[in-house]
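Based on the sequences and whatever the hints tell you, model everything.
Sequence lines, in order, name chains H and Z.
The first sequence begins at 1 in this note's numbering and counts up one residue at a time.
The second sequence begins at 1 in this note's numbering and counts up one residue at a time.
Everything labelled a hint here was simulated from the structure, so no lab data went into it.
Where hints are given, some of them may not hold.
Repeated chains share a single entry, so a pair holds when one copy, or any two copies, can fit it.
Claimed, not checked - Straight-line C-alpha distance at most 27 Å; calculated DSS-like pairs for lysine-lysine:
(1) K150 to K395
(2) K202 to K299
(3) K110 to K403
(4) K20 to K395
(5) K20 to K162
(6) K175 to K162
(7) K202 to K162
(8) K175 to K150
(9) K82 to K407
(10) K403 to K347
(11) K5 to K299
(12) K347 to K395
(13) K407 to K291
(14) K82 to K150
(15) K110 to K82
(16) K291 to K403
(17) K57 to K82
(18) K299 to K175
2 protein chains.
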Amino acid sequence: MAYLKRSFNPGRQEYQELLKRNIQNKREVAQDVRNILDAVRNEGDSSLFRFSRQFDKAELSSLAVNLQELSEAESLVDASLKQALHTAYDHIYAFHAEQIGHGEQLEVAKGIELSRMIVPIQRVGLYIPGGTAPLFSTVLMLGIPALVAKCPSVVLCTPPAKDGSIHPAILYAAKLCNITEIYKVGGAQAIAAMGYGTQTIKAVDKIFGPGNQYVTEAKIQISSECCAIDMPAGPSEVMVVASMDADPSFVASDLLSQAEHGTDSQAMLIVHSDQEQGFAYLDRVEQELEKQLENLPRKSFLLQSLAGSRAIVASSLPTCVQLVNAYGPEHLIINLSEEEDELFASKVVNAGSIFIGPYSCESAGDYASGTNHTLPTNGWARSYSGVSTDSYCKKITVQKLSKEGLKNLSGTLFCMAESEALMAHYNAVAVRLGGER
Amino acid sequence: MAYLKRSFNPGRQEYQELLKRNIQNKREVAQDVRNILDAVRNEGDSSLFRFSRQFDKAELSSLAVNLQELSEAESLVDASLKQALHTAYDHIYAFHAEQIGHGEQLEVAKGIELSRMIVPIQRVGLYIPGGTAPLFSTVLMLGIPALVAKCPSVVLCTPPAKDGSIHPAILYAAKLCNITEIYKVGGAQAIAAMGYGTQTIKAVDKIFGPGNQYVTEAKIQISSECCAIDMPAGPSEVMVVASMDADPSFVASDLLSQAEHGTDSQAMLIVHSDQEQGFAYLDRVEQELEKQLENLPRKSFLLQSLAGSRAIVASSLPTCVQLVNAYGPEHLIINLSEEEDELFASKVVNAGSIFIGPYSCESAGDYASGTNHTLPTNGWARSYSGVSTDSYCKKITVQKLSKEGLKNLSGTLFCMAESEALMAHYNAVAVRLGGER
Numbered sequence: 001m002a003y004l005k006r007s008f009n010p011g012r013q014e015y016q017e018l019l020k021r022n023i024q025n026k027r028e029v030a031q032d033v034r035n036i037l038d039a040v041r042n043e044g045d046s047s048l049f050r051f052s053r054q055f056d057k058a059e060l061s062s063l064a065v066n067l068q069e070l071s072e073a074e075s076l077v078d079a080s081l082k083q084a085l086h087t088a089y090d091h092i093y094a095f096h097a098e099q100i101g102h103g104e105q106l107e108v109a110k111g112i113e114l115s116r117m118i119v120p121i122q123r124v125g126l127y128i129p130g131g132t133a134p135l136f137s138t139v140l141m142l143g144i145p146a147l148v149a150k151c152p153s154v155v156l157c158t159p160p161a162k163d164g165s166i167h168p169a170i171l172y173a174a175k176l177c178n179i180t181e182i183y184k185v186g187g188a189q190a191i192a193a194m195g196y197g198t199q200t201i202k203a204v205d206k207i208f209g210p211g212n213q214y215v216t217e218a219k220i221q222i223s224s225e226c227c228a229i230d231m232p233a234g235p236s237e238v239m240v241v242a243s244m245d246a247d248p249s250f251v252a253s254d255l256l257s258q259a260e261h262g263t264d265s266q267a268m269l270i271v272h273s274d275q276e277q278g279f280a281y282l283d284r285v286e287q288e289l290e291k292q293l294e295n296l297p298r299k300s301f302l303l304q305s306l307a308g309s310r311a312i313v314a315s316s317l318p319t320c321v322q323l324v325n326a327y328g329p330e331h332l333i334i335n336l337s338e339e340e341d342e343l344f345a346s347k348v349v350n351a352g353s354i355f356i357g358p359y360s361c362e363s364a365g366d367y368a369s370g371t372n373h374t375l376p377t378n379g380w381a382r383s384y385s386g387v388s389t390d391s392y393c394k395k396i397t398v399q400k401l402s403k404e405g406l407k408n409l410s411g412t413l414f415c416m417a418e419s420e421a422l423m424a425h426y427n428a429v430a431v432r433l434g435g436e437r
Numbered sequence: 001m002a003y004l005k006r007s008f009n010p011g012r013q014e015y016q017e018l019l020k021r022n023i024q025n026k027r028e029v030a031q032d033v034r035n036i037l038d039a040v041r042n043e044g045d046s047s048l049f050r051f052s053r054q055f056d057k058a059e060l061s062s063l064a065v066n067l068q069e070l071s072e073a074e075s076l077v078d079a080s081l082k083q084a085l086h087t088a089y090d091h092i093y094a095f096h097a098e099q100i101g102h103g104e105q106l107e108v109a110k111g112i113e114l115s116r117m118i119v120p121i122q123r124v125g126l127y128i129p130g131g132t133a134p135l136f137s138t139v140l141m142l143g144i145p146a147l148v149a150k151c152p153s154v155v156l157c158t159p160p161a162k163d164g165s166i167h168p169a170i171l172y173a174a175k176l177c178n179i180t181e182i183y184k185v186g187g188a189q190a191i192a193a194m195g196y197g198t199q200t201i202k203a204v205d206k207i208f209g210p211g212n213q214y215v216t217e218a219k220i221q222i223s224s225e226c227c228a229i230d231m232p233a234g235p236s237e238v239m240v241v242a243s244m245d246a247d248p249s250f251v252a253s254d255l256l257s258q259a260e261h262g263t264d265s266q267a268m269l270i271v272h273s274d275q276e277q278g279f280a281y282l283d284r285v286e287q288e289l290e291k292q293l294e295n296l297p298r299k300s301f302l303l304q305s306l307a308g309s310r311a312i313v314a315s316s317l318p319t320c321v322q323l324v325n326a327y328g329p330e331h332l333i334i335n336l337s338e339e340e341d342e343l344f345a346s347k348v349v350n351a352g353s354i355f356i357g358p359y360s361c362e363s364a365g366d367y368a369s370g371t372n373h374t375l376p377t378n379g380w381a382r383s384y385s386g387v388s389t390d391s392y393c394k395k396i397t398v399q400k401l402s403k404e405g406l407k408n409l410s411g412t413l414f415c416m417a418e419s420e421a422l423m424a425h426y427n428a429v430a431v432r433l434g435g436e437r
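Here you go:
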């Protein structure tokens, strides 16, 4: 049986169909989300308790996680997981600290001083989805850059379990990031609460974090009203570029680890080879998929995800580069050869994050190498970067002109203002220079 | 007569009402815009010719500006305006060149190399509005950072005049920025053409530029579908912070130059003073407004804009800072004193661009000092920066792990993957290390 649909040296006109994502139609959820947003805006906290009853099946006594829950979490997390979280924290912190920007300063002409001032966003909201597994890694990925950027106020929302609790590993990871304002609110209602504010939850300036299609739609709707978001999100995806020398078991494991994220995840494989050898190589990858699937839990889930996967054999490296840049993958794994990997990477213009060489598996970046795992999906890598320290900062331009600086510039300003027919702009310069034009 | 509504030392609970913007309800235009977007997506070029007939009253023979029009423009622009454009170009280029980022590199642990690669967005679309005056300054503000960032493909859309022409100063400014792909398309249909692509206009990755409420709504709608935008836009605004020592004629000229941008523009004045002296100072500003208005064209237009303006006297500098940060002005002019101006600026966390001291009028930044005039409005300065070279670049993270690097990290990865119940993530590490766990 073949898991991956195959093609060879596709023409440009085939790219669109071949590189299509598994996207569900989101229009269906738009109205549901609109109703939730409106309810939270109009009713505030009481709607949050109601939605928690409805969606989380939880009867909450308080929205906020209290100090006792926070301190209990510390004793409930295994020592080995604590150690792992600390290692991940250290790497993520170190890389995001390297990203701290420094404002430029320039005297562009005598008496005209320009600069940029880097300022943290004052209040940020982090959303951590619920579901089968506690996504403590996402807490680190969103919380650490907020800490590095020195955002003065950080709030975290995540849905409660039926018993009204939050997984201790989530709380422990939050504590590592100095986050103590945590609310038991999930779904579109969490986005609404952080975007509009309620009696308990003060509105934030920007919302970060992944989520299901309701959360995503809520983020998109609120981003056009009053609150910025990190990026539009879609299902996760990987593109693996392999040569005949790449170990098929490594390639298969990468496709499967992507497929594990969700049934709408997409795993794409590009093999650099002629057709005959390339298809023979794909047979070996298929055998490895078969073998590894046997040893993995949730096989039926993984099979469902793999259904959207594709394998393309391309006989030239420039075609492989074209395919990568046309797809714009969230994760790109390059496994060609020691010599070719970095050269290939240097030609990539559309990707969220690049993993170079046989030992750079996506899991490393997902958890603990130090790069951020919140990345643009669904082709947004054409225009968006992944979350970084930059995402938590603004740059404010500053200018200071001396009288001499303004005088020297006045001829230019008068001419441009007159030509754009903006005479009050002209006047603002003229009154300052009196008769000195 | 008083142009500015006055208040003194407002309480926190009054801020929302006092600092309210003059925003029109955009919901009315949403459906009109949706129809235009759909028409362009479904019909392509033919809808653009039709909309040009309908909205611009122009019968176009071709959407693209041809080489002859470009070369004619050169001879139609005054020598003095050319000189002004060159000066503005030089300053804007110099400041935006300072903003070029440099990717970080870090070996976060032995065998774990992390970096960021800075890559220009491959195809960007610039929108230049039509209207009474040719906004050639905006061409420079959007075109120069694209040039600095080395975006390989840049397209400009702007509505034609009734005779099908584009103002030569627009074309000349575009030429300075090496932009030759220019289309005679305006309004929401221009945003749709750049976002979806048509037979003639290839889709872009990100759209920049100001516009009326149709353009703004089109940008918002398309940004949730397929194409990034610079930022949500609203009416322009200024906040002037003045002490009793600030020349009232300067202050009045700043309020008027802001009022000139549109009838929904907002000019806000904060005076640092006690009530009695502060209100007396406001009287002097009012006299100056009266006087300067007499000498300006479009007085009735300016009066309409000033109707949304307000003046607040605050007796403490911390209150002045609070008011600024609560409003988050697009433009902030600080005119307190030589000693206090920079200290005050250092406490500002929400603003688009700051103008320090008596000779830094907004006109300077609007045209030619070198800072960008495309700035966040309507409170978006809480989370957005103005357009800069950064806006035209992406940062792609890259990681390279050696076998040793992965081995050292494996304990952490195994533990986190198990705890998040993602066993294929676990497996991707395990297969690479064979029996070496």
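Checked hints:
1. K150 to K395: both (14 Å within a copy, 21 Å between copies)
2. K202 to K299: Neither way: K202 and K299 sit 43 Å apart in one copy and 42 Å across, limit 27 Å.
3. K110 to K403: within (10 Å within a copy, 55 Å between copies)
4. K20 to K395: Answer is between; shortest inter-copy Cα gap is 24 Å, intra-copy 36 Å.
5. K20 to K162: neither (38 Å within a copy, 42 Å between copies)
6. K175 to K162: within (23 Å within a copy, 63 Å between copies)
7. K202 to K162: Classified as within; 25 Å inside a copy, 51 Å across copies.
8. K175 to K150: Within. Shortest intra-copy distance 15 Å satisfies the 27 Å Cα cut-off; inter-copy 42 Å does not.
9. K82 to K407: between (63 Å within a copy, 19 Å between copies)
10. K403 to K347: Between copies only: 25 Å across, 48 Å inside.
11. K5 to K299: within (19 Å within a copy, 69 Å between copies)
12. K347 to K395: So K347 and K395 pass the 27 Å test across copies only (14 Å; inside, 29 Å).
13. K407 to K291: between (77 Å within a copy, 23 Å between copies)
14. K82 to K150: within (24 Å within a copy, 45 Å between copies)
15. K110 to K82: The answer is between: 21 Å across copies meets 27 Å, while 56 Å in one copy does not.
16. K291 to K403: between (76 Å within a copy, 23 Å between copies)
17. K57 to K82: So K57 and K82 fail the 27 Å test inside a copy (30 Å) and across (68 Å) alike.
18. K299 to K175: neither (35 Å within a copy, 59 Å between copies)
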